[in-house]
Amino acid sequence: MPTDTLIQAIDTISNSAILQEVAQQAVTSEKASNTGLIIAIIGLLIFAAHLFTEIFSRKRIPDVLLLMIIGLVIGPIFGWIKPQDLGSVASVFTTTTLVIILFESGTELNFNTLLNSIKGTMKLTTINFFITMIIVAALGILFEKFSILTSLMLGAILGGTSSAVVIPMVGQLKISKKGGTILILESAFSDVLCIVFTWAFLQAIQSGALNVGQVLGDIISSFILASIIGVIAAIFWSYVLDKVRHVKNSILTTPAFVFIVYGFNEWLGFSGAIAALAFGIGMANIDYLYNSGLFVKRIFKSQPAQLNDTEKQLFSEVVFLLKTFFFIYIGISIQLDHFWPLLIGFVVAVALFALRILIVRLSFPGKKDELPAEDKVFMSGIVPKGLAAAVLATIPVQLGIAGGEAIQNIVFAVILFSIIFTSILVPVLEKNNAISRLYKRCFGPKEQSVQELLDNN
Amino acid sequence: MNEANHIEELGHSISTGLSSSKIGLIIAMIGLMIFAAHLFSAIFSKRRIPDVLFLILIGLVIGPLTHLVDSEKLTLLGSILSAVTLVLILFESGIQMSFNNLKDSFKPSLKLTAANFVFSAIAVWLVGWLALKLDPVISLMLGCVLGGTASAVVIPTVRQLKMSQKSSTILILEAAIGNVFSIVLALALLEAIKSNHLDFGTLFGQIFASFILATLIGLVGSIFWALILDKVRTIKYSVLTTPAFVFIIYGINEWMGYSGAIAALAFGIGMANIDGIYDDWLHKAIRKRPANLNDTERSLFSELVLLLKTFFFVYVGMSIQLNSWQPIVIGLGITAMLFILRIPVVQIAISKKYEIPKQERRYMSAIDPKGLTAAVLATQAVAYIPDLEMGFFIRNVVFSVILFSIVINSILIPIIARGSRRHRFERHESSNPDVAD
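Just so you know, the protein sequences line up as chains A and B, in that order. Numbered by the working numbering, the letters in the first sequence go through residues 1 to 457 in order. Numbered by the working numbering, the letters in the second sequence go through residues 1 to 437 in order.
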């Protein structure tokens, strides 16, 4: 009896809230005492980000890669920071980055370029998505013996490109306005396809039936309605912007409003990302909308307000800051402890980059597309996977789908390798070397160069 | 073992993998919060109810009351957010201070800091020791933790009250200097609790080093930065390198054991007065005239401060612990006592010769909020005090004082403002009987 009591007492002590709290406290106070150091490191990282941008413009070594390496070093390699330390704040942070990056890139796009690029974007996005989905599904069946539906789901998760990687990269490249816009739009549009198809396959796995009509309906509503909401929100915002500016320290209300538009769309089940992009495009082209003869002119008593230089400067400063910490976070969250998924991820990434050449050729086959050969070469080297893939990859595990954990690990590995490959390929393709010549040959000697196009125009 | 890791990983992915609609909702909430911060600011200018109070209430609602957000999971990020907010608020308030004003305000500020600290610490010590029957050293440590005021609350409050430059500087300096007293003395007492030994010489040395060297490093940092600022500006997206540099200065100081907060404030003061520093001391040694912060940079910094301040106070509200009522009631009692004490303290320290308007002295008596430093010290106390339950009790009392001191601070200000308006109105009426009729 006394032994029982003793065991019970030990149990009570070891399970007591106090002990757990002490353990938590020990960790907390240790980390709290390091706060000064962490703050200094944050400061240093901002300087490092500027240094890396400078290195990119001189030596063409991508800043993205260097930032990810920092993340890898402080994360999985040395274990100073674990993704668990950041908790769910990390997903909020990555989404915030995505929203701001999309909005800011939207403010740089004008309607004429958009109309010019939309056809090419649609072709590239759909061809890339479906070919990637089918080939990745085949690889899934081959390596992991997944069922057809599970493999297709893996393919759908990896069918898009990442806005958060593509947009900053396009900004640093010598690519035509049209080519850059196609890549930016592809990254935004493909997220919608990834999300809708992944959910459709998930439901099919759970219920055993695939509803094609609903998939199409979801895609259309997600695209069209999110774009409409984004543009209407932009019209509303430029209507009130002059009044908002009277309030002190009000510059950040514009991103705050984008956050609301994003959240509202996600809540309705539309694409918040598309809405954020459409909002940016709407703000940038408000004069065009005003003069277009649509209802817009009737709403405004005078010329609508546009974003001014200080506002634009602040947004790009914020994008720079968020981008820096986003790539460091990607590095931190890569898992290096499972070798097999890393290997499969590597193989899938290699396959995706090889396929991309074919996809770009299929999307832009002739001379009519007026896209310089250099642009197509860059397009073939830019297939990074990112946030949407990472978020989608965690869902099968949460729903307890068979093979869910393997899917998550493979997707994380593909994200890592696809960003590394993009970062390495882009500077290589810019120079005249064997690889860039090989890529150029894929698009044929008859392709027009930028110079020729300019001459023709 | 592998299985355990696997389950842990799975648990982690489930706990962190928020659904996209949930994240969408959080992102929309963040956007709404920024608008709410502006709304609260507007409420303050009309009704004098401090925005800080509303933000803390939001934090309380989403944190301890409804458990929508668990602040325990945000410990690391919360401490980083708090430190970043503190550094930027101090730096940004520094860039609005002129040397002339500092000279005027330094003496009364030092007097106010010392008087408030000594009276508060002694009162809390006596209450803890005699009424609550705490160990006298632990009780004195509690007094030191609660001796200062919180920069992150004081600075926005004096800004919104549009107090004179002199009074604002006195209160801002009081908060910065008081924090150093709190940190050095409370940590020394905690070490004494652990080792049963207190070295007064080292203690004074630490306070001296913390002040003087942190100020020196901050000022030298600002001179260096002002000299290279023109070159830095040629880099794209470089506005945020100035706060980044302040972070480094803060971190270096904290790492060396000096006050990072004082250094950040000194850096701001240095940047604001760089022309004076150059004309008085540097022009013979350095030919190049240092650069000043421009309007765009200043406006971006104040935008950032508003943003950080908003989330900082929501976080403060979230981290208040409402588990047991005893520390909450004791905290309320201590807070009431500190606010009553503050009235004679201000009367003693800020005599009429300093020519501070009566209304601003009234405000000074109501501005005694506790904040970040007290919270950090209370958290560390748990690791030092051998009796664990006692450690948690002390921490919860401090958290309660933080909450009530900010709440009382926020309630007293509109009352004083209304009182003075009524007073002015009555005076106006008595001087113009015709109007009154």
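Hints were generated in silico from the structure; no laboratory data involved. In this text, a Cβ means the ideal position worked out from N, Cα and C, and glycines have one as well. Wrong hints could be hidden among the right ones.
As the list claims (entries may be wrong) - Non-contacting residues of chain B with respect to chain A, defined by C-beta distances greater than 12 Å in every case (computed):
id, residue
1, K133
2, K166
3, L219
4, V232
5, V239
6, F245
7, N292
8, Q347
Said to hold, decoys possible - Simulated crosslink set (PhoX-like; lysine-lysine; CA at most 20 Å straight-line):
id, chain 1, residue 1, chain 2, residue 2
9, B, K73, A, K82
10, B, K166, B, K46
11, A, K243, B, K46
12, A, K440, A, K174
13, B, K352, B, K103
14, B, K352, B, K166
15, A, K59, B, K353
16, B, K111, B, K353
17, B, K73, A, K248
18, A, K312, B, K236
19, A, K243, A, K297
20, A, K119, A, K312
21, B, K236, A, K174
22, B, K284, B, K162
23, B, K111, B, K166
24, A, K123, A, K178
25, B, K353, B, K166
26, B, K162, A, K248
Open item on the list: Hinted pair, alpha-carbon criterion (20 Å max): B:K284, B:K162. Please report holds or violated.
Closed with: Since the Cα atoms of B:K284 and B:K162 sit roughly 39 Å apart, the hinted pair is violated (cutoff 20 Å).
Task: Restraint check for B:K166 with B:K46, where alpha carbons must lie at most 20 Å apart - done: violated (24 Å)
Task: Minimum Cβ-Cβ distance from B:F245 to chain A exceeds 12 Å - done: At roughly 6 Å from the nearest Cβ of chain A, B:F245 sits no farther out than 12 Å, so the non-interface label is violated.
Task: Non-interface claim for B:V239, where every Cβ of chain A lies beyond 12 Å - done: About 5 Å separates B:V239 from the closest Cβ of chain A, which leaves it inside 12 Å; violated.
Task: Consistency of the no-contact label for B:Q347, given chain A and a CB cut of 12 Å - done: holds (34 Å)
- [ ] Would you check the hint for B:K73 and A:K82, treating anything up to 20 Å between C-alpha atoms as holding?
- [x] holds (13 Å)
- [ ] Sort out whether A:K248 lies within 20 Å of B:K73, counting only the CA atoms.
- [x] Measuring from Cα to Cα gives roughly 34 Å; hence the hint is violated.
Task: Given hint A:K248 paired with B:K162 - CA-CA distance at most 20 Å - done: holds (14 Å)
Task: Restraint status (C-alpha distance of B:K236 to A:K174 at most 20 Å) - done: Cα-Cα ~18 Å, so holds.
Task: Given hint B:K166 paired with B:K353 - CA-CA distance at most 20 Å - done: Between B:K353 and B:K166 the Cα gap is close to 13 Å, so the pair holds against 20 Å.
Open item on the list: Need the status of pair A:K243, B:K46: alpha-carbon distance at most 20 Å?
Closed with: Satisfied, since the Cα-Cα distance of roughly 18 Å is no more than 20 Å.
- [ ] Please work out if A:K243 and A:K297 have their alpha carbons no farther apart than 20 Å.
- [x] holds (18 Å)
Of the numbered hints stated above, those contradicted by the structure are hints 4, 5, 6, 10, 15, 17, 20, 22, listed in ascending order.
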